[in-house]
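4 protein chains.
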Amino acid sequence: MTQPDALITLAPGIKVSPGFIAEHIEMYKSFHRAPELSSQEHATAAAIEARLHELGIEHFRSGGTGVVGLLRNGEGPVIGFRADTDGLPIAEETGLDYASTATGTLPDGSTTPTMHGCGHDTHTTNALAAAAYLTANREAWAGTVVLLFQPAEETAAGAKAMVDDGLWDRAPRPEVVLAQHVMPQPSGTFTIRPEHMASLADSWRITVRGRQAHGSQPEKSIDPIVAASAMVLRLQTIVSRELAPTTPAVVTVGTFHAGLKENIIPETAEFSLNVRTPDEDTRTKVLGAIRRIVNAEAAASGIGEPEIAEISRFPRLYNDPEQAERVEAAFRDAFGEDSIVNAPLGMGSEDAGWLADAIGVPMVFWAFGAFPAEEFEDGKVPPGNHHPAFAPDSEAALVHGTAAALSAMLCYVGR
Amino acid sequence: MTQPDALITLAPGIKVSPGFIAEHIEMYKSFHRAPELSSQEHATAAAIEARLHELGIEHFRSGGTGVVGLLRNGEGPVIGFRADTDGLPIAEETGLDYASTATGTLPDGSTTPTMHGCGHDTHTTNALAAAAYLTANREAWAGTVVLLFQPAEETAAGAKAMVDDGLWDRAPRPEVVLAQHVMPQPSGTFTIRPEHMASLADSWRITVRGRQAHGSQPEKSIDPIVAASAMVLRLQTIVSRELAPTTPAVVTVGTFHAGLKENIIPETAEFSLNVRTPDEDTRTKVLGAIRRIVNAEAAASGIGEPEIAEISRFPRLYNDPEQAERVEAAFRDAFGEDSIVNAPLGMGSEDAGWLADAIGVPMVFWAFGAFPAEEFEDGKVPPGNHHPAFAPDSEAALVHGTAAALSAMLCYVGR
Amino acid sequence: MTQPDALITLAPGIKVSPGFIAEHIEMYKSFHRAPELSSQEHATAAAIEARLHELGIEHFRSGGTGVVGLLRNGEGPVIGFRADTDGLPIAEETGLDYASTATGTLPDGSTTPTMHGCGHDTHTTNALAAAAYLTANREAWAGTVVLLFQPAEETAAGAKAMVDDGLWDRAPRPEVVLAQHVMPQPSGTFTIRPEHMASLADSWRITVRGRQAHGSQPEKSIDPIVAASAMVLRLQTIVSRELAPTTPAVVTVGTFHAGLKENIIPETAEFSLNVRTPDEDTRTKVLGAIRRIVNAEAAASGIGEPEIAEISRFPRLYNDPEQAERVEAAFRDAFGEDSIVNAPLGMGSEDAGWLADAIGVPMVFWAFGAFPAEEFEDGKVPPGNHHPAFAPDSEAALVHGTAAALSAMLCYVGR
Amino acid sequence: MTQPDALITLAPGIKVSPGFIAEHIEMYKSFHRAPELSSQEHATAAAIEARLHELGIEHFRSGGTGVVGLLRNGEGPVIGFRADTDGLPIAEETGLDYASTATGTLPDGSTTPTMHGCGHDTHTTNALAAAAYLTANREAWAGTVVLLFQPAEETAAGAKAMVDDGLWDRAPRPEVVLAQHVMPQPSGTFTIRPEHMASLADSWRITVRGRQAHGSQPEKSIDPIVAASAMVLRLQTIVSRELAPTTPAVVTVGTFHAGLKENIIPETAEFSLNVRTPDEDTRTKVLGAIRRIVNAEAAASGIGEPEIAEISRFPRLYNDPEQAERVEAAFRDAFGEDSIVNAPLGMGSEDAGWLADAIGVPMVFWAFGAFPAEEFEDGKVPPGNHHPAFAPDSEAALVHGTAAALSAMLCYVGR
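Those protein sequences? They're chains A, B, C and D, same order as listed. Going by full-length UniProt numbering, the first sequence opens with residue 1, and the numbers climb by one from there. Going by full-length UniProt numbering, the second sequence opens with residue 1, and the numbers climb by one from there. Going by full-length UniProt numbering, the third sequence opens with residue 1, and the numbers climb by one from there. Going by full-length UniProt numbering, the fourth sequence opens with residue 1, and the numbers climb by one from there.
What the hints contain is simulated information worked out from the structure, not anything from laboratory work. Heads up, a few of these hints could be off.
[What the hints assert, rightly or not] Calculated lysine-lysine pairs in the DSBU-like style (CA-CA distance at most 35 Å, straight line):
no., chain 1, residue 1, chain 2, residue 2
1, B, Lys220, A, Lys285
2, D, Lys380, C, Lys220
3, B, Lys160, A, Lys261
4, C, Lys29, C, Lys15
5, C, Lys261, D, Lys220
6, D, Lys380, B, Lys285
7, A, Lys220, C, Lys261
8, B, Lys220, B, Lys160
9, B, Lys261, A, Lys29
10, C, Lys15, B, Lys220
11, A, Lys380, A, Lys15
12, D, Lys380, A, Lys285
13, A, Lys380, B, Lys220
Only chain A is shown next, with the shape it has when bound in the complex (with noise of 0.2 Å):
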């Protein structure tokens, strides 16, 4: 005898049927099918927009794609939830039924796949689900929890358009700002650290200016590739020379772009550069470094200071003490002790902090697995976020996001 009525116990307190997983399953798999690019994530916020408007909850644009639900329940704390929601210009090749069928437009104009290799789907899944809960449970807390659904996140541009939009002119102030992502850990892991959880991560474009002239002339000619080339190695002993070896820092050159003739110095070498760092004084030191020796290897050459542009900025993902200790303390009680498993910090980046530190507020951010430990043995690990056959595991991506999405915002709303 079947017991359709059997509700599944998300965490303690917190139960949803069996037609609520799968409703949400669906609609993770519609969003991994159509991932969009970002700033372009048009159609995923139309769709946010529907969900939002079928459960009553007001929003409003912001950022352009950016979609703000607010989700009142009386008189209470105010939290905000961060959920992103773009993808990627990755072929996917995870060979799942709902894999990505979708492309989309590069700035340079060309057409790419796009995939949802980061887990966005995911999250913006899980932020939709927790609304339709405390939409349907009213009763067990009180306040606002403010949805953030933020565009373009990859590129770093999402959370600043947002605040620079007018966001939180028109949401009320939280007290704390919410955000997760999906990771290669164990289902039911979680990984949630006071201080630094990601890298700050800067990406410049350094334009080395030389003089042109005819190959067999180099007497006439300022050499850019000359130049240029000696920065790129002046630059790796900024990681090498001036950082102590704990301090987890890297400097990408990327790109490297000279000349159309083998035979003429060019005029000019355009290259870029990616920069992670732990912490804003690692940060600034490093970026100081780039500054000062990009400027003396023009010297070296008798030219003048290269034109450097930003490409992106991602800034700190700082997570306050006090309240990261809050949510973990939340999660230990709602999934056990062991379930806190802190992975390894990598050098990821994320725009999520610039949400909280805009206005001066706490941020919590924390990571959760929702791949099958099976994948984890022999000291396997399965493929991570950005790789063409990133998969998490569509139920547990639900389950475990959701059931943390809801017991980090209850210790802050609920009764």
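Add chains B, C and D to chain A, keeping to what the hints say.
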């Protein structure tokens, strides 16, 4: 009272009418207006053929757009005379009323303005004028002049193409091949030396294959930008440390391209270089050093030998000492002792030598001036070959180039 | 009213008289005044022997200036306790009234001031004080403590010398080897971790052999200064590009010597480097990369593989997780939960591990503080090990070091 | 029957006895046996003074070990003739029976074997032989020959020292200064050119001041070895990229010294370099580029401008075109048209020019051969100047050097 019949003396015993001069200046301007890129000299070749036909000179195509005229005049020595025909992808800035308005198509499919920026229009006209003179003055000489209208000098492809197409199977074997070049030196002056008259030149494309990874995970990558930058810097030591200070050689890296995104360490970096060397021994040494350094720097990065592809190769331009002395003596006789100024050798390259070297006959190559003396006062120099403002005086170019061509030819075939 | 007999509690159940404290502080100051350089600890060894004799402890020499005491107390566990004894070639700048006035002779024959700048005088005194306590309190324990007074820790030569000299053939095999180090952390605090407690360190000397020539004739030379400079720069990429940003490793080139005269390109360049790595895998990777880069850069210069000579090699210092937890628990019990502060790991090195690794028994190593808490206020830190002003508080060093040594020993041999 | 009186003709009209030849060959061997280092030519100067005294020639000291002879012969032109006197710190390997057995003291106090490895013994003997001839043949000439026995040519200090010591206040102002050098070219041949006869040479010592730290703490250091290595590599680009390929110049870093211990990043790195340039303009350009690069690479490391100290400076050696033509014509007359072979210019340096430049009078400098023709067969060359086996033929050196000296002098002061 006008003297319409007064003849103009190009050199002792070589007289032409004012009409001859005027007609060929027009011909020169006509070539100047319509430069065609290397290996695309279709209209130029057709114009040459039409003129040879008009002069009654037997001719055939060789190497695509190369034209060979066989100017026979009974028993006697056989000599070759080379004139190159191609223009350059340069936007002319001479302000001349006969400046080029033509365009051409580059290998990548793009369109470019074209210019006779190296004076090949001069050479072609000189050869046709000399042919007209020899046709009209058959009593003055005996033998055969093989007129070699060579395409694609700028890419070092034309001489080889003509030879490979069976040039010397169809034309009689000459005892010497002559060639000339207009240069920024005063009208009436000549440069002619024994042995090396131009640099050997080699162009290579080098592809460094590393391993791609995210910019935050250098440990998973082999960074080809760092490897290629190290190669660029190490290549500088060939000229600075491996050659005698008195050996004129140059190694220029003219292009460097790698990467699409600042936060992705790319799979490959590609750069191209151009080498100028004064002789075969130095060439062998420098090319060997490049290969050694590129392979070793790749090994320093833990990767295999980069792919090295030859883009072009300019052979030696070697003046046979005995024959060069013979032509120089003819010039001293014809134009005076002071006409031989031997301007300093630059690092230019020429593929004419292959027309002679391929069949083991001696070559004589000289430069002639066609610029007013005042352009050299007070240490000034007029814009040189390949400069957008390169502008020999049209009458001087015609007169001195034709006079030199005929003087040199006649010291072999003259009666 | 004074209480001359009141005993002082070092740890629960471990009480000593004020006289015991005073006597050993004097012993400490006496060692501090007369530091001897590595492998030259003759007077220090003699003083240790005299004291062991006085205490009635059987002893023998091992590894030259190493002294082994066998403190037997009936049936029971056997443990080892290591104390290092050598000083440094540093001119002391502490201003202490018991500052060093000693000198030593360096390998090159020159004389240097010496200083116990790393606190080995503390360790030696702690071991002797513990021995005195155990001798006087035989009822409190059973078994054998092998006291290992090890020379030449600073040069990584002493532990190996003792083992190679047959240490473990003469002393009974212990079930664990204990060792400790005074560090700049507050008095009463300890650092103890499972697994790696210090960096592995390797020092190499590299000789690059080029070809000598006059400075005006680089073409006759192979320039070893250019080759070695390229090596120095390329070595930077190991840390910057070949290791994960989170892997704490360092490659330092500390010396570079080449040439006698500015206008002679020398035959050879010699440089030496020091490498710190957190574990064997990273060590293998980094040393392999150094060898690869040095050989490849030599190849880029057209020379054979440079000579690489090992200067020194600090092995791992690996805390057996189970045994470290046992000692840590003993410290928590004895000194309170808050006493374990686990100061951040630096990049220091230690050869104590070899005393245990050589015979495959577990090691436990900890650091203890001996500096007043106020020296750490407001982010300040006192001068650290190897600094000319390094000055642990003499009483704190004696009390906390001896307390830790006894607590750790007694958790194995205590009744 | 012997002919003891048969005279030997050095040049048309210049005859000497066999005894004259034999005596001066002995003198040459005597100088050869006892070379003295630069600025230490005490015995050599004394021998010269003794000989001048013997010849009745007025003389005085100038510049320490410099000797000036005033050979007056009535009214007539005044000319200078320079002969340098110093030897080199080289261990002679000629195997000659008159090889050097002398030693000298280097600036650092160490002792070195010495050798007349540059042939200054030849020059000194030639000048004394010419003086003897002129003294004995006063009827053949009129005027004054200022004999300049100059010390310290090898360190570029001697000419300047003589001038600074008031040479031209005490000696009459000449209308020309003559000087010669023995070179590895066949006996009886000469090299004499207008304008630049030798490279300008500059030597600098550069001290890069970083910040010392332990090798495991690069973040506390500014690594001067990395900075100086980057300088060494960047300096290569001056010759490879900033000068025309046809400009013969060289920048050699001959020494590099830094650090005492492989695990200490040192405070400073010091390197020295030697620069050869063909003319003042290139010299200015290259020295400026060195300064620019050194300062910029220091800035790239975040340190101030390194200290640059001049070690030595060889001025230009500029042959006045008119006067050089006069001497060349005298040589053609005396030794035949084929005697002027003009061996290729190397990158050698000479400070003789300052003796003339300091007072604005013209200089003429030539090289003469003193090696058997067979040493040059089949492309061979005998060991050159500064080589331990450098060995001009003693008779050829005496005969051809004296003949050239007298021929050149007499084309000014001959009757």
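Going through the hints against the structure:
The straight-line distance between the Cα atoms of B/Lys220 and A/Lys285 is roughly 25 Å, inside the 35 Å bound, and the hint therefore holds. Distance check on the hinted pair: D/Lys380 and C/Lys220 sit about 16 Å apart at the alpha-carbon level, within 35 Å; holds. Taking the CA atoms of B/Lys160 and A/Lys261, the gap is about 22 Å. The hint holds against a cut of 35 Å. About 22 Å separates the Cα atoms of C/Lys29 and C/Lys15, which keeps this hinted pair within 35 Å; it holds.
Distance check on the hinted pair: C/Lys261 and D/Lys220 sit about 32 Å apart at the alpha-carbon level, within 35 Å; holds. The suggested pairing of D/Lys380 with B/Lys285 holds, with an alpha-carbon distance near 21 Å, which does not exceed 35 Å. At roughly 33 Å between alpha-carbon atoms, A/Lys220 and C/Lys261 fall within 35 Å of each other, so this suggested pair holds. Straight-line distance between C-alpha atoms of B/Lys220 and B/Lys160 comes to about 46 Å, which puts the hinted pair past the 35 Å bound.
A hinted pair counts as satisfied when its Cα atoms are at most 35 Å apart, and B/Lys261 with A/Lys29 qualifies at roughly 29 Å. Proximity of C/Lys15 to B/Lys220 is assessed by CA-CA distance (about 56 Å); at most 35 Å being required, the pair is judged violated. A distance of roughly 33 Å separates the Cα atoms of A/Lys380 and A/Lys15; the hinted pair therefore holds under the 35 Å criterion. The straight-line distance between the Cα atoms of D/Lys380 and A/Lys285 is roughly 60 Å, outside the 35 Å bound, and the hint therefore fails.
Distance check on the hinted pair: A/Lys380 and B/Lys220 sit about 16 Å apart at the alpha-carbon level, within 35 Å; holds.
Checked against the numbered hints given earlier, the structure breaks hints 8, 10, 12 and satisfies all the rest.
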